[in-house]
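Residue numbers (our numbering), protein chains in the order written: chain A, 1 to 420; chain R, 1001 to 1317; chain X, 2001 to 2173.
Hints listed in this document are in silico derivations from the structure and should not be mistaken for laboratory results.
One thing to keep in mind: the hints can contain errors.
What the hints assert, rightly or not - Chain R stretches covered by chain A per the calculated footprint, using a threshold of three residues with CB under 8 Å from any CB of chain A:
1) 1035 to 1042
2) 1168 to 1174
3) 1183 to 1190
4) 1279 to 1286
Since the structure is predicted, the reported quantities are computational estimates derived from the model, not experimental observations.
Every residue gets a Cβ at the ideal spot worked out from N, C-alpha and C, and that includes glycine.
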Amino acid sequence: MILFGILLLVLALLGAPLFAVIAASAMWGYYRADIDLSAVAIEFFSVGTMPFLLAIPLFTFAGFVLSESDAPKRLVRLTRAVLGWMPGGLAIVSLAACAFFTAFTGASGVTIIALGAILYPALTRAGYPERFNLGLVTSAGSLGLLFAPSLPLILYGIVAQESIDELFRAGALPGLLMLIMLSGWSLWVNRSQRQPLSEFSWGEVGAAVRESMWELPLPVVVLGGIYSGLIGVSEAAAVTALYVLFIEVFVLREIPLRELPRIMRESMLLVGGILVILGVSLASTNIMIDAGVPQKLLALVEQFVSGPLTFLLLLIVFLLILGAILDIFSALVLVVPLILPVAAQYDIHPVHLGIIFLAAMQLGYLTPPVGLNLFIASYRFEEPIVRVYLATLPFLLILLISVIIITYVPALSLWLVPGA
Amino acid sequence: KIATIAPEGSGWMKEMRSAAAEISERTDGRVNIKLYGGGVMGDDKKVLRKIRIGQLHGGVFTPTSLEQIYSDVNVYGLPLLFESVDEVDYVRERVDARLKAGLEEAGFVSFGFAGGGFARVLSNTPVRSVDDLRGKKVWVPEGDTISYRTMAALELSPVTLPVTDVLTGLQTGLVDIVASPPVAVLVLQWHTKVEYLTELPLLYTMAFLAIDNRTFARLQEADRAIVTEVMSRVYDDFDRVNRVDNEKALEALENAGVTFVEPVEGALERWREPVMAVNRGLADDGYISPDLLDEVLALLAEYRAGASGTAEAGSTR
Amino acid sequence: MSDAAGRLGDRLERAGRLLEDLVLIVLLSAMMLLATAQILLRNVFDSGFIWADEVLKLMVLWLALFGAVAASRADKHISIDVVSRFLSPSLRLVSQCMVNAFTTVVCVLLAWHSARFVYSAWEFGDELVGGLPAWWFQIVMPIAFALIAWRYLLFTGSAVLRLGNRLRHRNPA
Ligand code: NA
Ligand code: NA
Chain A
1 MILFGILLLV LALLGAPLFA VIAASAMWGY YRADIDLSAV AIEFFSVGTM
51 PFLLAIPLFT FAGFVLSESD APKRLVRLTR AVLGWMPGGL AIVSLAACAF
101 FTAFTGASGV TIIALGAILY PALTRAGYPE RFNLGLVTSA GSLGLLFAPS
151 LPLILYGIVA QESIDELFRA GALPGLLMLI MLSGWSLWVN RSQRQPLSEF
201 SWGEVGAAVR ESMWELPLPV VVLGGIYSGL IGVSEAAAVT ALYVLFIEVF
251 VLREIPLREL PRIMRESMLL VGGILVILGV SLASTNIMID AGVPQKLLAL
301 VEQFVSGPLT FLLLLIVFLL ILGAILDIFS ALVLVVPLIL PVAAQYDIHP
351 VHLGIIFLAA MQLGYLTPPV GLNLFIASYR FEEPIVRVYL ATLPFLLILL
401 ISVIIITYVP ALSLWLVPGA
Chain R
1001 KIATIAPEGS GWMKEMRSAA AEISERTDGR VNIKLYGGGV MGDDKKVLRK
1051 IRIGQLHGGV FTPTSLEQIY SDVNVYGLPL LFESVDEVDY VRERVDARLK
1101 AGLEEAGFVS FGFAGGGFAR VLSNTPVRSV DDLRGKKVWV PEGDTISYRT
1151 MAALELSPVT LPVTDVLTGL QTGLVDIVAS PPVAVLVLQW HTKVEYLTEL
1201 PLLYTMAFLA IDNRTFARLQ EADRAIVTEV MSRVYDDFDR VNRVDNEKAL
1251 EALENAGVTF VEPVEGALER WREPVMAVNR GLADDGYISP DLLDEVLALL
1301 AEYRAGASGT AEAGSTR
Chain X
2001 MSDAAGRLGD RLERAGRLLE DLVLIVLLSA MMLLATAQIL LRNVFDSGFI
2051 WADEVLKLMV LWLALFGAVA ASRADKHISI DVVSRFLSPS LRLVSQCMVN
2101 AFTTVVCVLL AWHSARFVYS AWEFGDELVG GLPAWWFQIV MPIAFALIAW
2151 RYLLFTGSAV LRLGNRLRHR NPA
């Protein structure tokens, strides 16, 4: 069994497609558990029944269209006009935009594909160091999980039977902390990169806004649609895709119609690449669930707990491991009910626990070797995976520090929750 | 190996675990039941596929998910069939055995049905008559044949959205009206986004454990008896406890500030006519065996005739 | 290989690619239209297709699989390629043979077990989208995995050929 694992690892490092490696390990797992291998197909078929996946092809396509148009150039001009006096202005705008976007899409790598595809060239064009940009765009892709109305927050509320409204409040400050800490880092790295305050001009702001007048209404259209009850959160992607297509192809005409098939093909290539990995991962996750791996892992960790402080520390470690092997939704329904009673023993507020849980799980998207966001970034920006690892490392460390702060300062989560 | 969507840590799961422990002990470890809660094995359709290939051996299902295997089990879930739980009791006492036998013929052993109470109408504007539903966006769960047909008969347009969109949908006005049993409403926290509940026993819900016949047949006869005894007891308990839980859930909804409204005089009758036509249509199309529907209706008529003297005593809870 | 056969191969290759592109474009466009049509129908005409959600989700499966087939054509699947650039050209070819052969075998297995899955859905008369046979929608799985397997079989073959050539040139018999 170990031999087979090593063999797969070697094949993976030699460049075997990730989906094939994961599929092989899943089939091996079913085989060893004496389960009919068509279980892999049953799991894979869920790609066609899971409700959140529809957003992936639609946002991906929208991202490809935007990145092929002049939208990145306009975005740079606009932020330079408005925030040029601030070092790292565009970096901070990028972080905030990603967090915002993720809160609505629920972080499954969509942010990197859709927004990263515009922000990465924009940041490069604005003169930020390449490696910083790669790290920023990759790590920002999981930011925002703690902001309403993120789906994992809602799901935690249902699983733990805690008020979803309270969770929305509780997530605000910790989410902001992560955002501020990453912004601080961006300011520090780019401290030399700014234009003098005197260069600020209303004329330039006006011109930049006019130039972007077609893209700027997009968030308003989508959010307005959601909050007025015209569209569902899950329908935002369709509206975005159609809007972007209409603007760039028919209004601004930056993308000729004959280029559209190529863009569609290329974007769907990426979608196929990501979704086959997701499909076979469902199978490998299922084996772990079938064998009760999360429960065993928890039992193992529990042995070392001696008090609330060690509990919290081990909890973070446990969640980081979990985040690396399970997707966030499976982890929620599997593990939360198991750790709730343990946490209660140490007087940890269930709302606080939820925030810790999601904050730590979101790092799982970025932890080598198997963070999904790392692969997606590597693929989308055509950078070697090791380079992505290294570029993301400082961001990962900062996020880790923020998770530790969020864990050991419950007030941060509970301050806005009445009566907690 | 049995899968359910009941969350890990819920009272239901605890009961099932202790039942599993008891069975394992009394069969000297020959029968070990492993439970997968929280829906981690997937939705009902997926669980059925996994039972087919033998990865799982049973699951806890709602009647709609067995539509393609034994659709008669949906008979209690026909809309506006029952007026009170007493009626349900009367009918179930006489029909449960037939449904159990039908399930067994379709390949599943079951140990009794746990009633989940009546689904109620929850809304942001009071719903007292069919007219109150016009122009409103009514959410119906995906793939629910009975709901679709009923909505069509009432000339209403359903909104189909993923369950995960309903909570935010109720807040933003994307969805105006949902129907669900009170316990589920509390779990999904929909009550925080609606104002009104209509006191109308819309349809009777239930859930039941179904175990693959092939697996069950492999057990020794003595072990089968033990499993049947323990599980039947547990499901009887669930049936009883759920009733109390539903009462409590209704109280909790009222305490949470949901206003309860009654249908206006005659509204029920106006609803019932097209809806019963739908029910009959389902029987004509073979969805429900016509003789089963006739049997249930006859029992209801019998009960109503017998209880007409004390009709007012019937409780919709 | 004769010239005629080569031309036929080229033509098949081009037709295949055209078909892939066509499927991807039609699916993606249909997806956008159906999703937005739902919004319009609901808000303007107070109606909607009851089965739209389920169909949209199934379209995601189709897009995913055809996207994966298209990605295989250019060997553009997501991978962790860290070691190969440190290898000598011959070793790299050996590694390519192994990796491609492995992927072929995995995809053949996936295709075979998907086919069994679809067969059982057909046998039991599973239904989707309100009464349509489920296998209509599921059949794409074995087909796509078989196409991917075929693609990687070609890659394996070409890697083996190149490796053979290389070895022959190095040790002329
Ligand atoms: Na998502
Ligand atoms: Na997922």
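To see whether the hints hold, each was checked on the structure:
1. 1035 to 1042: holds (count 7)
2. 1168 to 1174: holds (count 5)
3. 1183 to 1190: holds (count 3)
4. 1279 to 1286: Violated: only 0 residues of the stretch 1279 to 1286 of chain R have a Cβ under 8 Å from chain A.
Checked against the numbered hints given earlier, this structure breaks only hint 4.
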